[in-house]
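Engineer: What follows is the residue order along each chain.
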Amino acid sequence: SAVISQKPSRDICQRGTSLTIQCQVDSQVTMMFWYRQQPGQSLTLIATANQGSEATYESGFVIDKFPISRPNLTFSTLTVSNMSPEDSSIYLCSARTGTNYGYTFGSGTRLTVV
Amino acid sequence: GIQVEQSPPDLILQEGANSTLRCNFSDSVNNLQWFHQNPWGQLINLFYIPSGTKQNGRLSATTVATERYSLLYISSSQTTDSGVYFCAVEDYGGSQGNLIFGKGTKLSVKP
Numbered sequence: 001s002a003v004i005s006q007k008p009s010r011d012i013c014q015r016g017t018s019l020t021i022q023c024q025v026d027s028q029v030t031m032m033f034w035y036r037q038q039p040g041q042s043l044t045l046i047a048t049a050n051q052g053s054e055a056t057y058e059s060g061f062v063i064d065k066f067p068i069s070r071p072n073l074t075f076s077t078l079t080v081s082n083m084s085p086e087d088s089s090i091y092l093c094s095a096r097t098g099t100n101y102g103y104t105f106g107s108g109t110r111l112t113v114v
Numbered sequence: 115g116i117q118v119e120q121s122p123p124d125l126i127l128q129e130g131a132n133s134t135l136r137c138n139f140s141d142s143v144n145n146l147q148w149f150h151q152n153p154w155g156q157l158i159n160l161f162y163i164p165s166g167t168k169q170n171g172r173l174s175a176t177t178v179a180t181e182r183y184s185l186l187y188i189s190s191s192q193t194t195d196s197g198v199y200f201c202a203v204e205d206y207g208g209s210q211g212n213l214i215f216g217k218g219t220k221l222s223v224k225p
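First to last, the sequence lines map onto chains R and E.
Oh and the first sequence: position 113 is 113 in the numbering used here, straight run, nothing missing.
For any residue, its number in the numbering used here is found by taking its place in the second sequence, counting from 1, and adding 114.
Bound-form chain R, shown alone (with noise of 0.2 Å):
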């Protein structure tokens, strides 16, 4: 199965700014998908990013709020735009590299917006 790299693990940052949190997966993969948690809630998918062109995005987020780059087969940046305080999550990626394995999660990204 892959093995996902993720960074940062964790920021506190200022509202208004925006975060870039980038995903390295240790073998190509067609699609990364980008998750949400919400404090002491479930996760909830962001979008889809495949190579090569533009990101899908779920009910509810927008590509100016998350952008999202996807340059190559490995890699992969959520970026988080003009953070509020409700922005204050954590946010993982994930990829699927086998039929057999399911999907893997980075070690996420915990955001806590001041």
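It is worth saying that the hints were derived from the structure and are not from the lab.
It cannot be assumed that every hint is accurate.
[Claimed, not checked] Pairs of lysine-lysine, DSBU-like flavour, derived with a Cα cap of 35 Å: (1) R/Lys7 with E/Lys220; (2) E/Lys168 with R/Lys65; (3) E/Lys217 with R/Lys65; (4) R/Lys7 with E/Lys217; (5) R/Lys65 with E/Lys220; (6) R/Lys7 with R/Lys65; (7) E/Lys220 with E/Lys168; (8) E/Lys168 with E/Lys224; (9) E/Lys224 with R/Lys65; (10) E/Lys217 with E/Lys168.
[Claimed, not checked] On the chain E side, residues computed to face chain R include the following (Cβ under 10 Å): (11) Val118; (12) Phe149; (13) Phe161; (14) Ile163.
[As the list claims (entries may be wrong)] Listed next, with one range per pair, are the computed distances between beta-carbon atoms: (15) R/Ser9 with E/Gly171: 24 to 30 Å; (16) E/Thr193 with R/Pro71: 40 to 46 Å; (17) E/Gln128 with R/Pro71: 49 to 55 Å.
In this text, a Cβ means the ideal position worked out from N, Cα and C, and glycines have one as well.
For chain R, the structure is supplied; the task is to place chain E on it using the hints.
Structural biologist: Structure of chain E alone, referenced to chain R:
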């Protein structure tokens, strides 16, 4: 859309005890996974188990797809087992990668 329900929502165990966590889902699925989220937020893939039974050390899982449920067994629990256990499914008709997560079972193992 597909619904995923987990029970119990909270569980407190004494070290060494056994437990069973349950996941019910409302429709056919082509992927079911169990995850453990540790106190630091890291999500660890425990089992990929759309059907059948698997075992990994003190943990085992069984999915009965025809009856739309899965069970996670933890034997001889240890304090390091504490955290939140999530069941997640990917339905046949949904977007690939869109795992639908249950609300989780928060497990606390006391020494």
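Engineer: Hint by hint, say whether it matches the structure.
Structural biologist: Hint check results:
1. R/Lys7 with E/Lys220: With a Cα-Cα distance of about 26 Å, the restraint between R/Lys7 and E/Lys220 holds, given a limit of 35 Å.
2. E/Lys168 with R/Lys65: Violated, because 41 Å separates the two Cα atoms, which is more than 35 Å.
3. E/Lys217 with R/Lys65: 26 Å, holds
4. R/Lys7 with E/Lys217: 25 Å, holds
5. R/Lys65 with E/Lys220: Status holds; Cα separation ~31 Å.
6. R/Lys7 with R/Lys65: The hint holds at about 19 Å.
7. E/Lys220 with E/Lys168: Answer holds: E/Lys220 to E/Lys168 is near 22 Å, not above 35 Å.
8. E/Lys168 with E/Lys224: 26 Å, holds
9. E/Lys224 with R/Lys65: This hinted pair is violated, its Cα atoms lying about 42 Å apart.
10. E/Lys217 with E/Lys168: 23 Å, holds
11. Val118: Since chain R brings a Cβ to about 9 Å from E/Val118, closer than 10 Å, the hint holds.
12. Phe149: 8 Å, holds
13. Phe161: 8 Å, holds
14. Ile163: Nearest chain R Cβ about 8 Å off; hint holds.
15. R/Ser9 with E/Gly171: 24 to 30 Å: 27 Å, holds
16. E/Thr193 with R/Pro71: 40 to 46 Å: 42 Å, holds
17. E/Gln128 with R/Pro71: 49 to 55 Å: 50 Å, holds
Going down the numbered hints, you'll see the structure goes against 2, 9, while the others check out.
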